[in-house]
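Visitor: Since each chain sits alone in its own frame, please combine them into the complex, following the hints.
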Amino acid sequence: MIRWSTSSSILHIIPESTSNITTTNSPHSQSMSSNSAAFPNRPSAFRSQSSRALSSGNDSSPPSTTKSSASMASSDNQSSFAVKAGLAQMLKGGVIMDVVNVEQARIAEEAGACAVMALERVPADIRAQGGVARMSDPSMIQDIMRAVTIPVMAKARIGHFVECQILQAIGVDYIDESEVLTPADPTNHVDKHQYNTPFVCGCRNLGEALRRISEGAAMIRTKGEAGTGDVVEAVRHMQTVNAEIARASSASDADLRRMARELECDLALLKETAKLKRLPVVNFAAGGIATPADAALMMQMGCDGVFVGSGIFKSGDPAKRAKAIVQATTHYNDPKVLAEVSIGLGEAIVGINCGNMGEGDKLSKRGW
Amino acid sequence: MTNLTVGVLALQGAFIEHLTLLRRAADDWLRQQQYEPSTATATTTTAPGSSPPGASPSSHASPHTDADRWNADADADADADADAHISTRKPNTDEEPTTITTTNLTHISHFTFLEIRTPPELARCDALILPGGESTSISLIAARTGLLEPLREFVKVARKPVWGTCAGLILLAESANETKATGQELIGGLDVRVQRNYFGRQVESFEAELQLPFLHDAHPFHSVFIRAPVVEKILSPTTASAGGVPSASDDDGTAPAPPTHMQCTKPQVEVLGRLPGRAKSLRDKTTTAEDLGEDGDIIAVRQGNVFGTAFHPELTGDGRIHRWWLGEVVKAKMEELKASQGA
Numbered sequence: 001m002i003r004w005s006t007s008s009s010i011l012h013i014i015p016e017s018t019s020n021i022t023t024t025n026s027p028h029s030q031s032m033s034s035n036s037a038a039f040p041n042r043p044s045a046f047r048s049q050s051s052r053a054l055s056s057g058n059d060s061s062p063p064s065t066t067k068s069s070a071s072m073a074s075s076d077n078q079s080s081f082a083v084k085a086g087l088a089q090m091l092k093g094g095v096i097m098d099v100v101n102v103e104q105a106r107i108a109e110e111a112g113a114c115a116v117m118a119l120e121r122v123p124a125d126i127r128a129q130g131g132v133a134r135m136s137d138p139s140m141i142q143d144i145m146r147a148v149t150i151p152v153m154a155k156a157r158i159g160h161f162v163e164c165q166i167l168q169a170i171g172v173d174y175i176d177e178s179e180v181l182t183p184a185d186p187t188n189h190v191d192k193h194q195y196n197t198p199f200v201c202g203c204r205n206l207g208e209a210l211r212r213i214s215e216g217a218a219m220i221r222t223k224g225e226a227g228t229g230d231v232v233e234a235v236r237h238m239q240t241v242n243a244e245i246a247r248a249s250s251a252s253d254a255d256l257r258r259m260a261r262e263l264e265c266d267l268a269l270l271k272e273t274a275k276l277k278r279l280p281v282v283n284f285a286a287g288g289i290a291t292p293a294d295a296a297l298m299m300q301m302g303c304d305g306v307f308v309g310s311g312i313f314k315s316g317d318p319a320k321r322a323k324a325i326v327q328a329t330t331h332y333n334d335p336k337v338l339a340e341v342s343i344g345l346g347e348a349i350v351g352i353n354c355g356n357m358g359e360g361d362k363l364s365k366r367g368w
Numbered sequence: 001m002t003n004l005t006v007g008v009l010a011l012q013g014a015f016i017e018h019l020t021l022l023r024r025a026a027d028d029w030l031r032q033q034q035y036e037p038s039t040a041t042a043t044t045t046t047a048p049g050s051s052p053p054g055a056s057p058s059s060h061a062s063p064h065t066d067a068d069r070w071n072a073d074a075d076a077d078a079d080a081d082a083d084a085h086i087s088t089r090k091p092n093t094d095e096e097p098t099t100i101t102t103t104n105l106t107h108i109s110h111f112t113f114l115e116i117r118t119p120p121e122l123a124r125c126d127a128l129i130l131p132g133g134e135s136t137s138i139s140l141i142a143a144r145t146g147l148l149e150p151l152r153e154f155v156k157v158a159r160k161p162v163w164g165t166c167a168g169l170i171l172l173a174e175s176a177n178e179t180k181a182t183g184q185e186l187i188g189g190l191d192v193r194v195q196r197n198y199f200g201r202q203v204e205s206f207e208a209e210l211q212l213p214f215l216h217d218a219h220p221f222h223s224v225f226i227r228a229p230v231v232e233k234i235l236s237p238t239t240a241s242a243g244g245v246p247s248a249s250d251d252d253g254t255a256p257a258p259p260t261h262m263q264c265t266k267p268q269v270e271v272l273g274r275l276p277g278r279a280k281s282l283r284d285k286t287t288t289a290e291d292l293g294e295d296g297d298i299i300a301v302r303q304g305n306v307f308g309t310a311f312h313p314e315l316t317g318d319g320r321i322h323r324w325w326l327g328e329v330v331k332a333k334m335e336e337l338k339a340s341q342g343a
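Heads up: the protein sequence lines correspond to chains E and C, in order. Read in full-length UniProt numbering, the first sequence has 306 at position 306, and its numbers run on one by one without any break. Read in full-length UniProt numbering, the second sequence has 131 at position 131, and its numbers run on one by one without any break.
Isolated chain C (complex conformation) (with noise of 0.2 Å):
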């Protein structure tokens, strides 16, 4: 009997949206556990041998079961010898994945959703959804409640589980571009470079079908992008945790992530997502990215714990990326779980 409590930082945008999704990707969760523990499982389990311990962690950017990506972020920090909540207690997949699993699954019997607006309420979290809203707005309202510090503790220190949709995912970057004058503070976590407000402003808003293979289904995700943000470049952790923005660009509004010693080495980032084609091709014609010979945008990302998306899945009704995601949740706190009882 385990509680689980996911948060949403409620400082200001679309926060009531996330948890409606959270709450009912909760009751589907739990429903599946009660009627169909094997099937719930399943989606659990690895192909066996897909990605050996040790492998170059960029090998993993290819999408796997999820399982299999979460332990591939705890073979990445146990190469490095570092971080002890993830990688001293990984579950041995290879052998007996459906058993221990099936386990450990049904320790969660109950999730309690917040809205967190202080520092005691974030304490309280195992997880944690920055939501859409305007990014400038969060930022100075997280720092005048003494919030920020608190949540990059979350982030990079405790590494518990974190989604940033839109305004949450330029908080999570270590670096941003085209920010106000004056510049703006970010959490940090994902060694990224996002740009502010992409696509334009309001009238450039659009929506679009992606395929996002981490949820294993062929249907597309019906997805909305407003004055969305897009994932620019992926930096090498070193020279983020460096605060290594080159000074030149610091007069185009780019604005760093404070450089921090709380960060060791950490996995790499992973392209879960893009946008096929640019927006105006989109909205233009039907050119896709494949026809212009680009990879498309990148509109989701993962590095360890911190996951990140530049659309709006709050606002679409479709849970599906709310229930992978919590289910990425449970199996984190289990890991975490199994860590303390092992010490």
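With the rest of the complex left out, here is chain E (with noise of 0.2 Å):
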């Protein structure tokens, strides 16, 4: 349990005694591929995050003063870490797809989509037309908005704090400091405490999923490879991610201290999620997923969700494409359903092959 405090923006967190969720096996994990054997004690809920994530020394404030009329007073409450990640809970097993205006937005909603993330160009324009990719101009933002009845994501530059600071202006939902767009600060991401707006933030393997967690990302995405419509190297963080939670909870405690110098992360962090057997925060797939198996594919491999870039909006049929998404995202574990919705969506996206890709063409080496 984290509060806010008035005389800062630190987070204050609070041990909560009946925060301890048993991590027992749930159908979800049972009914896994094989893929999942990597990671077979998927736990069901992680609220222990809260607790422990964000370590900041300020454990010792009775939760009894929170409620005072010193911290109400303020008007620049912080939002409680629970609340940040609770609607990324809230979005689990959806689909948040990614438009450029407001047919594409009600498109989207009508198909399903749990979220939408608004910005000017998919990733797939932004690779073929080149440039510096930035955040979208808000008065396109805020037409979404009000088209929409779902939550409405938007992207900043990583590092560019002040249009973090514009899109928490605008009241959009969730701000993605993606890689997609342009770096706007090369050493930093931004200090993502410091707003009311939760982040999500993309990752390719343990250590960097982990220093954004740290920074204050509420939500995780795996980067994949945005933009090509090939799932490869959306598998590949995935895969990574997957095989860095497995062997660090099996790690012993010098094991641990190791792995978070190697990792470079959070040691209080690493143990956290060597506990859970799975990243403290709510983690989607995202980059090159195209099709309903695509989604499930990466549903099967233990993601809570999945964002689709230009793989709806640049295919044959959008609104079919993006249902069919949609009902395989639900129906991960059912071939049936599977089949049935695969079939007849006209032509996908394109795409670019990943593995004939130079290096320094791939959007996902992009953050640290």
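Every clue listed holds true.
Just a few of them, taken from the derived set where beta-carbon distance is under 10 Å, the chain E residues facing chain C: (1) Ala85; (2) Cys114; (3) Val152; (4) Val172; (5) Asn196; (6) Gln327; (7) Val337.
Label pairs and their in silico Cβ distance ranges: (8) E:Gln168 <-> C:Gln34: 47 to 57 Å; (9) C:His219 <-> E:Ala268: 23 to 33 Å; (10) C:Gln211 <-> E:Gly344: 49 to 59 Å; (11) E:Glu340 <-> C:Glu149: 16 to 26 Å; (12) E:Asp137 <-> C:Asn3: 52 to 62 Å; (13) C:Asp28 <-> E:Asp317: 45 to 55 Å; (14) E:Arg247 <-> C:Gly200: 39 to 49 Å; (15) C:Gln211 <-> E:Gln168: 24 to 34 Å.
None of these hints come from the bench; they were simulated from the model. Even glycine gets a Cβ: it sits at the ideal position worked out from N, Cα and C.
Guide: Pasting the structure below:
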């Protein structure tokens, strides 16, 4: 349980006695494919994130004071981490779709997307057109926010904390500090604790994921390779994260300390991850998902949901494909449903083969 | 030896969290049965005479004991000469509460918890939770999976215990405001109108300490509200079953659940919890609803078999509401078994 304080933006963390969730096998984990062998004990909730994830030494703050007039009178209350991570938990099992205008946002909502990502150009176009990719025009994002009732996310450049301030000011529901846009800071990511709006960030491996979480990210997505329609990088990143979590779960305390140094991540967070046997926040897959089968593949590998970027609106029949991907994400373990929804979707995104791509062209290399 | 199967709708949203808390609640319940049968039943005994049969259903809105309320529902049904499920063989708790409930409760010896994605899976359930998530997504996926009608049947005809949190509450309402441009399919069951995203967007999401009288626990329930709805209005059952949302409000995105002939007379809507003061007041200053002369926004309701909360007990790690609800489900199952044995 994390509370906000008035005097500063530091989050107060209060260990909660009831927060220990038993990590019993859920049917979800039992039903996963062989890929989940490295990820056998998928816990059902990850409540303990909030008691440890962001240890800033404020554990002594008594809960009873948080409702005092002093703290509640503040106008700059910080949203608690539980509230930020909670929205991500509500998005689980869903599909978040990239949209560039109101019309696409409506198609996405009608298809059953659990949220939309508002951006000026989908990654495939950013890739094709080149140039500097920046935060979208706020008026475009606001139009989309007015047009749909589902949560609206928007992208800011890595390290561009002013773009983040703008996105928070117009009230987007989630900010994606995204490698798809051109990075603005060569060394640092945004200090995400400073914002009421929650953040989602990309990762290629466990170390990167935990660094983002310690910076305040309330949701993670594996990066994949955006705008390609090639799922191979998404699979690679999910496999890497899963394998590293499996390794951490069976490691001794000494091994974990060594591993934290090696992965360059916070030890407390790594221990938490090892205990939970999963990332301590919701983890979606992204980057290259183009078909219902791709979405189900990522779900069977243990992600909590999927982002689909260029894959939908760069295909022949966006509305139909969008619906099919939503159905496939829910019924990811039912090959009959998957077969049904994969029929007659028309042309998929043409795509770029990641194997033939120069390392320098990979967007996923951005961020650190 | 009776197995009780509880499902959690797993189309989208935070269903795994519910399953975790349900398992924990079931462990607690079974342990309590094993070691302290008297304690277990003590919570279900009623204060005799506190609500005489045939009293106006609205008098049950004040917090009585669990068993009392459950029976009150049965009374309301009996008065209306409707639904055989609950009313035909209601336990005579006024005479021998302890004996009857002890015998009944010890029947349940095993719980099964399921993720529900298809109609056959739903058919196995004695009770169901509709989790938090995006209500538009859940309702669209349910429609495409052929689950909407079976769900309506489950809630309104079979009248099995159902609990909706946040998005689940929206789906269980007979009417919802602020839905997407083309409206939204609802399941219905609660004669209330909810307003979606009542408190605003994500930056307005918050946590609050709630006093929930039905838990009989002075310790407040720490709750999380995420883009949460509230119960804006309690509808009269006749209005709702006529599909009667005033046409004027159709323009502002009000979606009604389809008018249904399935509905017979139902118990009244009980308000089980209020948020002390609007979120704005809560966040900005210490002002409470009492100061403003308001009752506070309605965030927990029950109508017969249907229970709804605007907040997310599944996000807090506090299993008290799950424990309470599971107790209600067990009672409902016992009623059903008795009814079928008696028939």
